[in-house]
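Undergrad: What follows is each chain in one-letter form.
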Amino acid sequence: MEAFADFWATYSTLIFTVGIHALLALSLWLTLSCGLLSLANAAFMGIGAYTAALLTLHLHWPFPMVLVAGALAPAAVALVIGAPTLRLSGVYLAMATLAFGEVTRILVLNLEITGGPEGLNGIPLLTTWWHILLILAAAGFALARLRRSRMGRAFEAIREDEVAARMMGIDVEGHKLAAFTLGAILAGLAGALNAHSTFFISPREYGFENAVDILTMTILGGISSLIGPVLGATILTLLPELLRFLHAYRLAVNGLILIGVVLFLPTGLWDSRRLRQLVGAWRTRREGKP
Amino acid sequence: MSMLSIRGVGKHFGGLQVLQDVNIEVPGGAIFALIGPNGAGKTTVFNLVTGLLRPSSGSISFQGQDLAGIAPHRITRLGIARTFQNIRLFPDMTLLQNVMVGRHHLTSYNGVAALFALPSFREAERRSRERALELLSWVKLDHKAEATADNLSYGEQRKLEFARALATEPKLLLLDEPVAGMNSSEKAVLMEEIRNIRDRGYGVFLIEHDMRFVMNLCDRVAVLNFGRIIAEGAPEEIRNSPEVIEAYLGRGDEAEVLP
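Protein sequences, first through last, are from chains A and B.
Take the numbering used here: the last position of the first sequence gets the number 290, and nothing is skipped along the way.
Take the numbering used here: the last position of the second sequence gets the number 259, and nothing is skipped along the way.
There's no promise every hint is true.
[As the list claims (entries may be wrong)] Now the in silico label distances, taken between C-beta atoms and shown as ranges:
no.: 1; chain 1: A; residue 1: Phe208; chain 2: B; residue 2: Tyr154; range: 26 to 34 Å
no.: 2; chain 1: A; residue 1: Leu275; chain 2: B; residue 2: Arg212; range: 22 to 30 Å
no.: 3; chain 1: A; residue 1: Leu14; chain 2: B; residue 2: Asp92; range: 30 to 38 Å
no.: 4; chain 1: B; residue 1: Met215; chain 2: A; residue 2: Leu88; range: 44 to 52 Å
[Stated by the list, open to error] Derived list of chain B stretches under chain A, where covered just means 3 residues or more per stretch with a C-beta under 8 Å from a C-beta of chain A:
no.: 5; segment: 89-100
no.: 6; segment: 207-214
Please keep in mind that the hints were generated in silico from the structure rather than gathered at the bench.
Note that the structure is predicted; figures quoted are calculated from it, not measured.
Cβ atoms here follow ideal geometry from the backbone N, Cα and C, with glycine treated the same way.
Using the sequences and the accompanying hints, generate a full structural model.
TA: Structure representation (structure tokens):
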């Protein structure tokens, strides 16, 4: 029991981070599942974090309501900026959402209410492990159900061939906006949870690097199923810690591992189709040998 | 009374005039073909009808309703479905899922029902799946329902595209070169499928190069050359029209060989 207490004292922050990163990776998975390469999710996370922190600090809202507001604020922003930007596709959408992220960061950096470059201090530590676990499980469940519904099929169809999807009677623009907004809700939740587990937030935490980190986690894990993003988030969060013994070289090795994965497993670590084939091949080989 | 009316339609891309004063009346419950040499503007006609492009002039109406300014997915919901010259399936989805995508607007339930698999969700999904399987059986692909679309042969992909288009429950089916790249036995099979579709009450509007295929199959034919309709009538009339022979048949092999 004491050993567990020691372990928890040392690693609870890391475990919280894994959970929040997993939620972020799922938020981007949702956006990517509709074929949208968006780099806005870090900014949505930031909007969620700041909204939640300000409501707690100034208005003393109860935590569940703070979480709801932290999810809805970026969703409202996503609805507004989605309409013009989602006409773009591929790298052009990536560039537009990247610009949105920078605008958001600079806005937060210069506003008075957000504390400018110093950020917000003294946010009460309201996030507990079960908040993260519950929200992560709920998000995973909802996304798993979504995949099996007409909306999930429409997202997949749009990702595979937008024109054909349109010709099947699917409202492509509406679905893209839905994917973008639902992704913003998950990212906002991750932000609100993050703000209340770190005591302090600043604009630096929601910039370009974080947008790329989220993308890397999701792609590394693979987007063919929901397991991939969670796996990618876990690995990318734990890897720098596990490589701590390398001291100054750890980020370099971290990068090399990433390059290796992208080169040799371009569909990500968890590719359900490849895994099925591997299992199938293994079974036939075993049955072939008497 | 015609089902689809294309009246005085012109289309230009910048200075390039692709279609000029095109008038086509497509009847319901029949097979209507639009033929013409490569680059005559046939696929552009389909893109205008389905709303992917907007006409520069003229009007298009379907069952009396003007299609100007209607979004493509709404045109599909009015009852026009199409296939593509260069097959556009959803390659990583199963055959069943491909066809079920076509049933998108006909499958309705709310988010809560989907989230908790409530009876309304299960019932709507079951009906959608059954209809999808029925359509797959029409084109004899039901035994492969769970395979992914990229595992199909070329001819099978065409047939899956048919089934997927029919899943939107259209009144008019637009087929863009349905037998392109097929051998003669595959063509015969597909011709039979198209007749079956017409006999089930659908209107069929198709674009084709293969003259023999068109003459054997179609009830009415229009000929497009350099963006203009040069002849329209029953297959025998077209076969004997000197203008058509000069513009289209007279060019012999080279028109047939080019993709």
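Undergrad: Decide, hint by hint, whether the structure agrees.
TA: Against the structure, the hints:
{"no.": "1", "hint": "A/Phe208 <-> B/Tyr154: 26 to 34 Å", "in the structure": "violated (45 Å)"}
{"no.": "2", "hint": "A/Leu275 <-> B/Arg212: 22 to 30 Å", "in the structure": "violated (49 Å)"}
{"no.": "3", "hint": "A/Leu14 <-> B/Asp92: 30 to 38 Å", "in the structure": "holds (35 Å)"}
{"no.": "4", "hint": "B/Met215 <-> A/Leu88: 44 to 52 Å", "in the structure": "holds (46 Å)"}
{"no.": "5", "hint": "89-100", "in the structure": "holds (count 7)"}
{"no.": "6", "hint": "207-214", "in the structure": "violated (count 0)"}
Violated hints, listed in ascending order, are 1, 2, 6; each of the other numbered hints is respected by the structure.
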